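Chemist: Could you build all of it, start to finish, from the sequences and the hints given here?
Protein chains in written order, with the numbering used here: chain D, 1 to 444; chain H, 1 to 434.
These are computed hints drawn from the structure, not numbers from a lab.
In this text, all values refer to a predicted model and were calculated from it rather than measured experimentally.
Watch out, some of these pointers could steer you wrong.
[What the hints assert, rightly or not] A partial selection of chain H residues facing chain D, derived with a Cβ cut-off under 10 Å:
| no. | residue |
| --- | --- |
| 1 | Asp-69 |
| 2 | Gly-142 |
| 3 | Asp-224 |
| 4 | Gly-225 |
| 5 | Gly-292 |
| 6 | Phe-293 |
| 7 | Ser-349 |
| 8 | Gly-351 |
| 9 | Arg-352 |
| 10 | Cys-353 |
| 11 | Ala-355 |
The C-beta atom is built at its ideal place from N, Cα and C for all residues, glycine as well.
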Amino acid sequence: MNSPFTNGIAAQRLNADALVENFSDLHAPLDGHEAAVAADRCYFCHDAPCVTACPTDIDIPLFIRQIATGTPDAAAKTIFDMNILGGMCARVCPTEDLCEQACVREIAEGKPVEIGRLQRFATDTVMEKGVMPFVRAASTGKKIAVVGAGPAGLSCAHRLAMLGHDVTVYDAMQKAGGLNEFGIAAYKSTDNFAAREVEWLCSIGGIEIKTGMALGAELNIDELAGCFAAVFLSVGLGGVNALSVEGDDKDGVDDAVSFIRELRQASDLAALPVGRNVVVIGGGMTAVDAAVQSKLLGAQHVTIAYRRGRDAMSASRYEQDLAASFGVNLMFNAQPKAIHGNGAVAEIELEYTSSENGKLSGTGETVRLPADQVFRAIGQTLTSDAGLKLDGRKIAVSDTGRTSRDGVWAGGDCASGGDDLTVTAVAEGRDAAMDIHNTLMGSK
Amino acid sequence: MADLTTDFLGIKSPNPFWLASAPPTDKEYNVRRAFEAGWGGVVWKTLGSEGPPVVNVNGPRYGVIYGADRRVLGINNIELITDRDLFTNLDEIKRVKADYPDRAIIVSLMVPCEEQAWKDILPLVEDTGADGIELNFGCPHGMAERGMGSAVGQVPEYIEMVTRWCKQYYSKPVIVKLTPNITDIRKPAAAAMRGGADAVSLINTINSITSVNLDTMSPEPSIDGKGTHGGYCGPAVKPIAMSMVSEIARNPETADLQISGIGGVTTWRDAAEYITLGCGNVQVCTAAMTYGFKIVQEMISGLSQWMDEKGHTSIQDFKGQAIPNTTDWQYLNLNYVAKAVINQDDCISCGRCYAACEDTSHQAILMSDDRVFTVDDSECVACNLCVDVCPVEDCITMVAMEPGTVDPRTGKVVQKDYANWTTHPNNPSATAAE
Chain D
1 MNSPFTNGIA AQRLNADALV ENFSDLHAPL DGHEAAVAAD RCYFCHDAPC
51 VTACPTDIDI PLFIRQIATG TPDAAAKTIF DMNILGGMCA RVCPTEDLCE
101 QACVREIAEG KPVEIGRLQR FATDTVMEKG VMPFVRAAST GKKIAVVGAG
151 PAGLSCAHRL AMLGHDVTVY DAMQKAGGLN EFGIAAYKST DNFAAREVEW
201 LCSIGGIEIK TGMALGAELN IDELAGCFAA VFLSVGLGGV NALSVEGDDK
251 DGVDDAVSFI RELRQASDLA ALPVGRNVVV IGGGMTAVDA AVQSKLLGAQ
301 HVTIAYRRGR DAMSASRYEQ DLAASFGVNL MFNAQPKAIH GNGAVAEIEL
351 EYTSSENGKL SGTGETVRLP ADQVFRAIGQ TLTSDAGLKL DGRKIAVSDT
401 GRTSRDGVWA GGDCASGGDD LTVTAVAEGR DAAMDIHNTL MGSK
Chain H
1 MADLTTDFLG IKSPNPFWLA SAPPTDKEYN VRRAFEAGWG GVVWKTLGSE
51 GPPVVNVNGP RYGVIYGADR RVLGINNIEL ITDRDLFTNL DEIKRVKADY
101 PDRAIIVSLM VPCEEQAWKD ILPLVEDTGA DGIELNFGCP HGMAERGMGS
151 AVGQVPEYIE MVTRWCKQYY SKPVIVKLTP NITDIRKPAA AAMRGGADAV
201 SLINTINSIT SVNLDTMSPE PSIDGKGTHG GYCGPAVKPI AMSMVSEIAR
251 NPETADLQIS GIGGVTTWRD AAEYITLGCG NVQVCTAAMT YGFKIVQEMI
301 SGLSQWMDEK GHTSIQDFKG QAIPNTTDWQ YLNLNYVAKA VINQDDCISC
351 GRCYAACEDT SHQAILMSDD RVFTVDDSEC VACNLCVDVC PVEDCITMVA
401 MEPGTVDPRT GKVVQKDYAN WTTHPNNPSA TAAE
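Modeler: Encoded structure:
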């Protein structure tokens, strides 16, 4: 048995009980009484700011009123009408930046209505019963391919299936779910929720999932376009940006997304090795998820080094504080300069930065931190553009997800526009589905 | 600190907060606890005639109406008068009164409308040393079916007759408790006065069904699948009770009648309001049943602070002060013009004022793209709905227009003179202004 003080990268730093405790639900679900109290606080605002702030436009005051009046099933239907992955979004949405930030009670009292937790209460109620509150329309006979079984693809597939189309969903991994399954912190999706949600979502029928099929490998856009009436690409960002500093190739330097993926799929967390001193490079949610989970696995020291100031960090202040509460050290204005070590990483050398007129430059002053493990979390990239026109480094799409090629739509992280959030991906998948439907059925 | 001592019909109590005749005053144990907590007086739960006592249901006795967060707004109850032996009650009353000579103890009574029944019980009550009696002509459930309670209170002749018997066979003050389940509260009040009552107390509870169980199709509280109307009380009934109190206080025929105010008194403020409408004290039940006896401490401290702030040294100082300002609609000043004003610093942009005004009123609130809400004075009739639905107290206020300015809604100059409907040109029965 190791401990947080064991040198190097080691498994079994914490005992099984501690790991179970550490990786349990970050926010316990509301019970019926708590939900009633929380729901009572909603003012049922006119043209509510929370709805405007929601990328999927869920009618939040209505679903909260439905909870308050004892009909959580109806509340869930209101949520799923706009966001079929409302269960996962209730767990992973940065509500502090979205609906809850806009809540008038945040303005009034600094304490918003707990919209996220109420959404979970409603969606859990229905999903735990195994009820799919939608039925398929009569078959249209149209076959549609969805490439990528993450939030955008699943949302698109469900909507298309509901409208009567037959959908085949391909995914490069051996399991559907995309980032919900592989890319978010374990304590946000406990009890195999992501997989259960996929199963539930597919219970509407008309959706066939084929795994181990990657675009640019087993799949080719021309063949797909030839076999299906429409194609929706939601392949995400499979590549990881390199650090491009000396020593980037040493043992112990890993991608944060790989670490998170392995952790999510691990059958025994105790068997998962983690460094005594971990440094995560980056400023987004991936960086936070990797850092916090390193700490929860038993790393002694975990540091997030971000090259810009706190305000520029894409992880919300709430997430930053969450990381700090677990003992993660947040370092701002520090960029990697070199990674040192004899074969394996032993130290990371960081250079302090300053920003002038928005331009970042090193100050020349450096600091070395002990590090057995360094995680890259400085963004992901598109791995296959399928010959489509790009906007920057992503597939260029219209408001409804149309790409430069007729019959091909795209959404989620691989497509231009919107934040790289689960909830945004869900909205894009849904909207593309409606546009595909209208296009195929000849109505507008 | 203001003196809260109250002299009601010559009955002294250290404060105007009495517990109403109800479950909290059913027995010695509770009443002693109430007095220890600081209540100024109690009206002992209603006694019936000698003999086998009434029986209560053995299922639920109360139903409830909730506000947000399960805050109790109203309770209805189907409990009858005391179900304990008459002499047990009388012994307890005597003991408690002896131990708390500075507190008021009133004995509530309900016996059949026969002179002998009253002639029998009154000397027994007199012997307890209690300070007075209250005639329960109000309970609307159960006992009314047996010709008592509200069945008496709905017939002014009976009220007068029984009150007269009580004054004849009992030497101390007689308070007549009125039922609100009538059309004109002035009639039973006047009847009580003719019978010689020293005071009226009101209101007793209102006929009510608080809810229906949608699974069993039974009204609540449900007794083995069946329900009956109960008596409704609590904060929800306060507006009804205060209106009835004001009717009696304003009526020249009953203006001199003393009033004990009952109905939804929950805070010191409620009590102060009743007193400004002419009540000499107040009686409380639901608030105690919801929160326990300790709430009287807030009532005492709150009323004292307010009286100090206003410079009142005794209850008498402000008793009845709102009566002259309580009038008929026809005498309201139609030349008074106000407009809603939204304090943008306090506004939290919920838009409830907008929804209420736009959907259900006068389309006088404007909403900008960035959710700034403003009042369109050319449409605002000062209905007050925006003020009422705003979650932030005093964020929206009604501000009177200065005489001489032009009301943009009517285009007319605001007049400084008072003018009411009785002289308004649109009133077919208008009399020329003198």
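Chemist: All hints, please: hold or fail.
Modeler: How the hints compare with the structure:
Look at Asp-69(H): its Cβ gets to within about 5 Å of chain D, closer than 10 Å, so that hint holds up. Of the supplied interface hints, the one on Gly-142(H) is violated, with its beta-carbon coming no nearer than about 31 Å to a beta-carbon of chain D, more than 10 Å. The beta carbon of Asp-224(H) comes no nearer than 25 Å to any beta carbon in chain D, farther than 10 Å, and the hint placing it at the interface is violated. For Gly-225(H), the interface hint is violated, the least distance from its beta-carbon to any beta-carbon of chain D being 22 Å, above 10 Å.
Restraint check, Gly-292(H) versus chain D: the minimum CB separation of about 21 Å is more than 10 Å; hint violated. Taken as an interface hint, Phe-293(H) does not check out: its beta carbon lies about 26 Å from the nearest beta carbon of chain D, beyond 10 Å. For Ser-349(H), the suggested interface contact is upheld, since its CB lies about 6 Å from the closest CB of chain D, less than 10 Å. Taking 10 Å as the C-beta contact cut-off toward chain D, the hint placing Gly-351(H) at the interface holds, the least distance being around 3 Å.
Taken as an interface hint, Arg-352(H) checks out: its beta carbon lies about 6 Å from the nearest beta carbon of chain D, inside 10 Å. Using the Cβ-Cβ criterion of 10 Å, the hint placing Cys-353(H) at the interface with chain D is satisfied: the shortest such distance is roughly 8 Å. For Ala-355(H), the interface hint holds, the least distance from its beta-carbon to any beta-carbon of chain D being 4 Å, beneath 10 Å.
Checked against the numbered hints listed earlier, the structure breaks hints 2, 3, 4, 5 and 6; every other hint is satisfied.
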